[in-house]
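Q: What follows is the residue order along each chain.
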Amino acid sequence: MTDALPLSRAATLFFLGIDIVDNVFDEEIPNALLPFSSPQVSLTGMTLLSPMTHMALEDLGSSPHANKIRLLFSEAVCRISMGQFSDLSSRPDILWSPLQSLQVSLQKGGIQGELYATIAALWAGASDSVAEKCGTFGRYLSTAGQIQSDISDIMRGELGNDLKNGKQTLPVSYALKTANSEEKQKLIEMLREASNQSSIVPELKRVIIRSGGIRYAAFCAQLLIAKAQDAISHALDAQACHDLLSDAIFHLSRKGDKDENTVMRPIEKTAVLKKGVTTCKT
Amino acid sequence: MQDINNLKFEEQLLHLAELAVSDPQFRADALQDLDKTIEKRGFNLSTEERATLKKFHTQISSMTEEEMDTFLESAVEGQVGT
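Going down the list, the sequences are from chains A and B. For the first sequence, this note's numbering gives the first residue as 1, with consecutive numbering after it. For the second sequence, this note's numbering gives the first residue as 1, with consecutive numbering after it.
Note that these hints are calculated values from the structure, not bench results. Any given hint could be a false lead.
Claimed, not checked - The following residues of chain A were derived to be distant from chain B, with all beta-carbon distances above 10 angstroms: (1) ALA4; (2) ARG9; (3) ILE200; (4) TYR216.
Said to hold, decoys possible - Chain B stretches covered by chain A per the calculated footprint, using a threshold of three residues with CB under 8 angstroms from any CB of chain A: (5) 26-32; (6) 35-47.
Small disclaimer: the values here were computed from a predicted structure and weren't measured. Heads up, the beta-carbon is just placed ideally off N, CA and C, and yes, glycines get one too.
Model the full assembly from the supplied sequences, consistent with the hints where possible.
A: Written as structure tokens, this is what we have:
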């Protein structure tokens, strides 16, 4: 277990760095960093993400596995940056297809999950083939988690950051795709105005729910989870597979709780989500 | 790592999800004969993807609408599978 500490340290620094940079982009600075300016917070995130992560990775030594892990980190930075860039370029007046929205979820959440699952498998001595299957598991499970977060952003009680920033997450891009030209124009207007005019947010949410966007995104998430489960069942024995899935479920659920508990109690959350899913059934 | 410009599986996944939530005829046909339906609708899935879909199909095919809502809610709430 001691041997895994440098890897764990590197992954933690990497995750923290990405999270802080993402918070700056979403104008959602954590309370502990509020006394600092945005450039200072960005610099903190970038320092954690790159030099500090690579310093931690130095402790892995120079085995072929260690070198491969360092390369995987570098590759992941480039891919996640591309996702972040695409995410930032999302504007209500440039329509995205659901595939473009899913691609950003893959690049932002999926690549991180793929990285962590792959490096953990490699460091544990798994073959390349098993590490690749673990990577596939991480990629699709994390992408499903990103979609879950996108759905929560719409369904939760207060104005979500994605809606506020006019982002075309999967439920939104589906709503735009299926809307007629009049509805589409109305939806674009509402996305554009959401940040300045919070009174239109309830109607914006209703339009997205009525389009079937929530049900569609939830269905996509379940298909991704099925793909992830299938990948891991080919890589690990039944007990290890069960343990890993239980752990992943716990952490994914905690992520949901973190998003929701600040705005509504769990029982209210369930009622609101149930209503959202049921409403868009037709 | 995956080539992000080669998203064949993801494209088909989105198409499947769209049909599943918006096309009652697709849902009815898929319940009768999944293989024939996905072939007829032009899906080109690998053997592995087809097996994944069949497992998923088996999981949801006997669900009532209410059970399906609960199942989809579990994705919304960040829980994996059943």
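Q: For every hint, state whether the structure bears it out.
A: Tested hints:
1. No Cβ of chain B approaches the Cβ of A/ALA4 within 10 angstroms, the least distance being about 21 angstroms, so the stated non-interface status holds.
2. No beta-carbon of chain B comes within 10 angstroms of the beta-carbon of A/ARG9; the shortest separation is about 22 angstroms.
3. Annotated as non-interface, A/ILE200 keeps its C-beta farther than 10 angstroms from every C-beta of chain B; the closest such distance is 23 angstroms.
4. The claim that A/TYR216 is not at the interface with chain B is violated, since a C-beta of that chain comes within 10 angstroms of its own (minimum 5 angstroms).
5. Using a Cβ-Cβ cut-off of 8 angstroms, 0 residues of the region 26-32 of chain B lie near chain A, which falls short of the minimum of three, so the contact claim is violated.
6. Counting residues of the region 35-47 of chain B whose C-beta lies closer than 8 angstroms to any C-beta of chain A gives 0; at least three are required, and the coverage claim is violated.
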